[in-house]
Amino acid sequence: MPLQSLDIAARSATTLPSPGIRRTEEVAKLIDISKCIGCKACQAACMEWNDLRDEVGFNFGSYQNPADLTPASWTLMRFYEVEPAGHLEWLIRKDGCMHCAEPGCLEACPSPGAIVKYSNGIVDFVEENCIGCGYCITGCPFNIPRISKQDDKAYKCTLCSDRVAVGLEPACIKACPTQALVFGSKEAMREHAADRVAELQERGFKNAGIYDPAGVGGTHVIYVLQHADQPELYELPKDPKISPVVKLWKGITKPLAMLALGASVLVGFLHYVDVGPNEVKHEKKASDRRDRT
Amino acid sequence: MTNNWIDIKNANVILVMGGNTAEAHPVGFKWVIEAKARNKATLIVVDPRFNRTAAVADVYVPLRAGTDIAFLGGVINYLLTKDAIQHEYVKAFTNASFIVKDGFGFSEGLFSGYDSDKREYDHSTWDYELGPDGYVQVDETLQHPRCVFQLMKQHYSRYTPEVVVNVTGSPKDKFLEVCKLIASTAALNRTMTSLYALGWTNHSVGTQNIRCMAIIQLLLGNVGMSGGGLNALRGHSNIQGLTDLGLLSNLMPGYLTLPAAAEPNLATYLAKRTPKPLRPGQLNYWSNYPKFFVSLMKVLYGPAATKENDYGYGWLPKLDRVDHEYDMLRVQDLMVQGKMNGYICQGFNPLQASPNKAKTLAGLGKLKFLVVIDPLATETSAFFENHGEYNPADSSKIMTEVFRLPSICFAEDEGSLTNSSRWLQWHYRGQDPPDEARTDIDIIAALFLRIRELYRKEGGVFPEPILNLHWPYLIPERPMPAELARELNGYAITDVKDPQDPTKVLVKAGQQLATFAQLRDDGSTACGCWIYSGCWTEKGNQMARRETHDPGDRGLVPGWAFSWPANRRILYNRASCDANGKPWDPNRPLIHWNGTKWVGLDVPDYVPTAAPSKDMGPFIMHPEGVGRLFSRAFVKDGPFPEHYEPFETPLGTNPIHPKVVTNPVARVYKDDHSELGNSSEFPYVGTTYRLTELFHYWSKHCLINAILQPQQFVEISEQLAAEKGIVNGGEIIVTSARGRIRAVAVVTKRIKPLTVNGKVIQHVGIPIHWGFTGLTRKGFPANVLTPCVGDANTQTPETKAFLVNVERA
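Protein chains in written order, with our numbering: chain C, -8 to 284; chain U, 67 to 875.
Since the hints were derived computationally from the structure, they do not count as laboratory data. Glycine included, C-beta positions come from ideal geometry on N, C-alpha and C. Just to be clear, a hint being listed does not mean it is correct.
[What the hints assert, rightly or not] Derived lysine to aspartate or glutamate pairs resembling EDC-like cross-links, with alpha carbons at most 16 Å apart:
1) U:Lys702 - U:Asp181
2) U:Lys342 - U:Asp193
3) U:Lys815 - C:Glu72
4) U:Lys815 - C:Glu80
5) U:Lys818 - C:Glu80
6) U:Lys157 - U:Asp681
7) U:Lys818 - C:Glu72
8) U:Lys818 - U:Glu789
9) U:Lys106 - C:Asp186
10) U:Lys373 - U:Glu195
11) U:Lys563 - U:Asp587
12) U:Lys357 - U:Asp587
13) U:Lys702 - U:Asp124
14) U:Lys246 - U:Asp124
15) U:Lys844 - C:Glu46
16) U:Lys702 - U:Glu228
17) U:Lys434 - U:Glu467
18) U:Lys106 - C:Asp220
19) U:Lys238 - U:Glu228
20) U:Lys818 - C:Glu74
21) C:Lys197 - C:Asp220
22) U:Lys815 - C:Glu74
23) C:Lys197 - U:Asp124
24) U:Lys106 - C:Glu80
[What the hints assert, rightly or not] Take a look, some chain C residues computed to stay more than 10 Å from chain U by CB distance:
25) Pro75
26) Ile138
27) Gln141
28) Lys144
29) Val157
30) Gly158
31) Ala179
32) Glu182
33) Gly208
34) Gln221
35) Leu224
36) Asp230
37) Pro231
38) Pro235
The whole structure should be built from the sequences, with the hints applied where relevant.
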């Protein structure tokens, strides 16, 4: 990949227009589950590159460690023992942010600039703008963001936007020994995925296919699945969509709310002109101080 | 490996059995994935557990732990009855036509010559019938009743699919599917590669597991072929280097063997190790043994090694018992008996690695002193600490003085590592060692110099081996890796002349040798490890080469590092061509005969100018020149592999021959024997293994690895869990006749009960990694449970098949 200018294509809770003169190629990470051996090199590389160290946890009856995504584990191998064709298959899926073309998190986020989408398709959290409200979790159809108890901010995979910007592949891609993880332009990844699907079909996986769900406008992390007809085997939503609540909230409700907000400001102003400022005599109470300690 | 990592990409069938390549060798496994993508290769996994390799396999077959020979014996029977073998290859390149001595036989589990009191075989009948000319008699028609081919056919005719299924518990259809896939590689244009590791070696029949596959690959004509071979995947980055340099108790560098007490002088020692050709025209390369040995002695003792003193032969230690070497199990036994005072433990963590931890703990406590040379504070170096149930040492009773000498990690010094591909790869110092840590070389040098000083001052009973040791290094306290590497390659002490033309000097005195072909047995050359000769020549450090060009796209990359021997990338590559010197498969050429010499992509494993019309066989290390279907007396437990049950068998019998249940010549000490369990008390088959996230007992000291696999677990089937009321994620207690561990239960579909000899057999999977040091949660090493039983040939402990019981904690 060449160097990429990280122009911001969309920004949470902002109406300012985005820069538009540069053309950036859309990127994608391809996760070929049929080549994955669950070695967790991607998890290790993610921790290394991003300076993350999760807790030394517990085993809860699985090879899956840590047990779930956390603010310090942005990617995780999930292990599924299934028997869709009458014989056992051990499906190992690298979980993490899908970098949706229509990101539900960004849509839901009320804090200006806390979530951005770059023109190359990467969806990034800008933690210094995050207010820790957790709306991004509600907005995400894949249950990815996690809020840290340490600083009350949301974290998730950045698709190594810092590496991609200087022409490097994400850390997990570099670490993957079997090329189950591949990175490139979205177009090239779709082509590569199509070749892989054809080979899998030849090997008897009749329903092999690509997971690049249209419900979120496609994603910049796409999977090759042996059983694309049953994404639920991999704990992937069959037809992910941004929650209607978020759609409603940020759709029709938002302008109405803005109108209501504007109206109340207007009413306030008229009240000020008409009546003058409200004055309240404030006395400090001992209980206030206690609350603050 | 006979071949190399990259060559796996050339295979059509990849059989992973006795190993777990994806999990234990994830980086090398990319070549398996490449073979699937490039050749549409089929990946077969045969293992008691559906492991991470099975997750990407085309065919998975379960089998009971410790029954690989039954399975592979069935494959041999299938190939012979279906006549699915590479006929020309078998006839020309194996000992199929060789006639075996009258009197050799096999009956009810025993080969001829067994002495039940000594638990040993008299091997005199396990050899070829020699003619009056001193050469082996052969029958080219393969019809003679005592020819190897007929004997082999008879031996394996007992391994019918029904017998195989009854012993292994593998489903019959799956077994036959695998047979068919393996048989498909008898075709000239198809090859199979066999990838194995400790899953084959850690058995009382470990050597024979591998022998079985050697027979199969010879029958299929897959040895010497690109994409074929027998490929041992080594567990550490430099464990190939360990065996090459003779770090086993009976070896010296280059697979030369330590002398025995019964060999009083050089002549008797060499006579026993310098074979005569068994067929006309053979190269018989081990006939050069004296050159390799004398050159090694010149490195060890320099000018002090002279013809008159047998080149210092008398100063070498002599094994007092050649049959029972000073292997790990013996050392452990000697410690417990109080027969060992001191133990220097370098890069080894026996408290975790030797079987039956309680025995090692008792043994270490009886030492007067223990020296641990390691980059980490290992469990062994802290064996005297009490860690509750994790290490129940009674510190007040242990008087052992323990010295910890902190050494470095590989990246903190330069040097070479030898990988499974036999590549010697030079690396550079990445960072300086921390604090007081010193390189292993510096530590040993310091010890040596002080010991030598003591001998100089105080004399001693036998000072010569120490005082005469050649120590020519620029800074005696700090021999440089480059100096040692140059010594391993070898150099001329005086001018080395061409034997054909003595006026011609091949190598001038003081120069580096170009190849082991220049070694001499007259003291004019010095060489520390003959197979490494060529690694640092007059052209410089060949191990540091980093050229990636790959002529022919066969993954040979001849300009990358140095591959022993002679930079050859595929061993036995002469066998990739037919009798006339033409590649069997024109699409995977390695070398060929061009009318005057052997040429091609690889360095010929043959005399470059020997015409194919001569009788020289392609297996030039063997005095018979061919591959051995029948291994003569080289393998202690039989010339043909035979199924014996693990010493702790869940059946209590051997369904194939009930009179001989277990390996009749495997060594078990009396005390260890009394600590073997039986299936009424311990009904389940325990098997140990490694996980990708942790490397033995070391990487649990790294935070990221600890995060990825934080806590000890044990795997059982859903059926066993239901029977015992054990829940996934709950606690499980596993006991054996030696001890007890507690861990988290992983209840899985990946382990399934198998029906064997009318009995349901359950496996209990026990990863090995945890202990009482490191950053993971504390755990029990798996060797709390494992028995002290070794392979009959190597004494590698049987940690892959033993008996346990489980209960809910």
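Here is how each hint holds up against the structure:
1. U:Lys702 - U:Asp181: holds, 13 Å
2. U:Lys342 - U:Asp193: Between Lys342 of chain U and Asp193 of chain U the Cα gap is close to 14 Å, so the pair holds against 16 Å.
3. U:Lys815 - C:Glu72: Answer holds: Lys815 of chain U to Glu72 of chain C is near 7 Å, not above 16 Å.
4. U:Lys815 - C:Glu80: holds, 9 Å
5. U:Lys818 - C:Glu80: holds, 13 Å
6. U:Lys157 - U:Asp681: Since the Cα atoms of Lys157 of chain U and Asp681 of chain U sit roughly 13 Å apart, the hinted pair holds (cutoff 16 Å).
7. U:Lys818 - C:Glu72: holds, 13 Å
8. U:Lys818 - U:Glu789: Holds: Lys818 of chain U and Glu789 of chain U sit about 13 Å apart, inside 16 Å.
9. U:Lys106 - C:Asp186: Holds. Lys106 of chain U to Asp186 of chain C sits at ~13 Å (cutoff 16 Å).
10. U:Lys373 - U:Glu195: violated, 37 Å
11. U:Lys563 - U:Asp587: holds, 13 Å
12. U:Lys357 - U:Asp587: holds, 4 Å
13. U:Lys702 - U:Asp124: Answer violated: Lys702 of chain U to Asp124 of chain U is near 36 Å, above 16 Å.
14. U:Lys246 - U:Asp124: The given pair, whose Cα atoms are some 14 Å apart, holds under the 16 Å limit.
15. U:Lys844 - C:Glu46: The given pair, whose Cα atoms are some 15 Å apart, holds under the 16 Å limit.
16. U:Lys702 - U:Glu228: Not satisfied, since the Cα-Cα distance of roughly 28 Å exceeds 16 Å.
17. U:Lys434 - U:Glu467: holds, 6 Å
18. U:Lys106 - C:Asp220: Given pair Lys106 of chain U, Asp220 of chain C is violated - Cα atoms ~24 Å apart, limit 16 Å.
19. U:Lys238 - U:Glu228: Holds, at roughly 8 Å.
20. U:Lys818 - C:Glu74: holds, 13 Å
21. C:Lys197 - C:Asp220: Roughly 10 Å separates the two Cα atoms, so the pair holds.
22. U:Lys815 - C:Glu74: Holds, because 9 Å separates the two Cα atoms, which is no more than 16 Å.
23. C:Lys197 - U:Asp124: Satisfied, since the Cα-Cα distance of roughly 14 Å is no more than 16 Å.
24. U:Lys106 - C:Glu80: Given pair Lys106 of chain U, Glu80 of chain C is violated - Cα atoms ~20 Å apart, limit 16 Å.
25. Pro75: It holds; Pro75 of chain C is separated from chain U by about 13 Å at its closest Cβ, greater than 10 Å.
26. Ile138: holds, 20 Å
27. Gln141: holds, 17 Å
28. Lys144: Per Cβ check, Lys144 of chain C is outside 10 Å of chain U; nearest 21 Å; holds.
29. Val157: Given that every Cβ of chain U is farther than 10 Å from that of Val157 of chain C, nearest at about 24 Å, it holds.
30. Gly158: Holds, since 22 Å exceeds 10 Å.
31. Ala179: Label holds. Min Cβ-Cβ 17 Å, cutoff 10 Å.
32. Glu182: holds, 15 Å
33. Gly208: holds, 31 Å
34. Gln221: holds, 17 Å
35. Leu224: Given a closest Cβ separation of 13 Å, the condition holds.
36. Asp230: holds, 27 Å
37. Pro231: Since the minimum Cβ distance to chain U is about 25 Å, Pro231 of chain C lies beyond 10 Å and the statement holds.
38. Pro235: The claim holds: Pro235 of chain C sits with its nearest Cβ about 36 Å from chain U, beyond 10 Å.
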